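2 protein chains.
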Amino acid sequence: MGTKEIRISGFGGQGVVLSGLILGQAASIYDNGFSALTQSYGPEARGGSCTAEVLISDEPIGYPYVQSPHILIILSQEAYNKYSDGLPADALMVIDPDLVKPNPSQKPAPLSIPATRMARDMGRTVVANIIMLGFLAAVSDVVSAEALKKSVLTSVPKGTEEFNTKAFETGYNYGLEHGSKGKVTHG
Amino acid sequence: MGTKEIRISGFGGQGVVLSGLILGQAASIYDNGFSALTQSYGPEARGGSCTAEVLISDEPIGYPYVQSPHILIILSQEAYNKYSDGLPADALMVIDPDLVKPNPSQKPAPLSIPATRMARDMGRTVVANIIMLGFLAAVSDVVSAEALKKSVLTSVPKGTEEFNTKAFETGYNYGLEHGSKGKVTHG
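Chains as they are written, first to last, in the numbering used here: chain H, 29 to 215; chain C, 29 to 215.
Next up, chain H with everything else stripped away, as it sits in the complex:
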């Protein structure tokens, strides 16, 4: 399959790095691949910018940074402004439309899911990243939905598995309804 490159970018406290960890773990533990995760932060630790880059491959990874992203999860306007230019034609961008206003002329148009608002409606904004991962599982083949769900369950605190499963499935079902696997639709 070669190497899949995923960038997740937003601000501190959104679970950006944990999302990257869950994605990489899904690939390496359950899909028998390799993964590398790098993280970088802007000047302010909390509330500042935060980016995680995940590479997933069926062989050991030589260079651990995104060079040509296959998937971008963009969770702040600042991240959008920084990373939306010059994307490969087949790149899949997913945004939270309450946090990011994309350029209407952007090609390919991003997919969108209001994960933060959906998490708030569920009573716990902290699961927004899990909703987002469920969505990604529905609209992308980068890791299997089964592996991603298992990786979520081994990464969240004990006692919260049921709630996080519900969050994952909420995002997954939203993706089945509003996205289309392997295709890019309007955000």
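Hint data in this document are derived by calculation from the structure and do not stem from the laboratory.
In this text, all values refer to a predicted model and were calculated from it rather than measured experimentally.
One or more hints might be untrue.
[As the list claims (entries may be wrong)] Some chain H residues judged to face chain C by a derived CB distance under 10 angstroms, without partners named:
| hint | residue |
| --- | --- |
| 1 | F39 |
| 2 | N60 |
| 3 | Y93 |
| 4 | P97 |
| 5 | Y111 |
| 6 | G114 |
[Unchecked claim] Coverage of chain H stretches by chain C, computed from C-beta distances (three or more under 8 angstroms per stretch; other residues unrestricted):
| hint | segment |
| --- | --- |
| 7 | 83-91 |
| 8 | 145-151 |
| 9 | 162-169 |
Each residue gets a CB set at the ideal place from its N, CA and C atoms; glycine is no exception.
Place chain C on chain H using the hints.
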């Protein structure tokens, strides 16, 4: 400072990968460095072997795997058998002596902390990895204790900060008593 290479190895469910994430995050978010994390698993997802490799540097990391480890945290006999040979003379190995019986002739002799038993005594075995990180903060300069503690607090579930702080400090104090910073003593 060049690149510091850390390997954490044990089995699934010990928090190996989360420990790596916390270490890398400590370096990149609070000590203004770069970090890369890779993870690999043995054949069985839970209960099988699990290794995380963390590289910490003051510049972007080109190759994300451990080549010559500075620090090893070894949490199973299998991991010990696999990784104890041919270590650099200045490598620091930390073991849990209830899980690992080191070769008495090994040089440098490992440091040891019964983190799993200490966590059980605290009532929650899940904090063994946090105790271990506290210990590491006391016996090594690879990241600052302050950064590591902050990284722990941003990585554990909300509501458990106090308990995890106590776990971290338990390990840290044990390290001050039984280890010696930058030196290797008998395990």
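Problem set entry | Structure versus earlier hints - violations, ascending order | 1, 4, 5, 6, 8, 9
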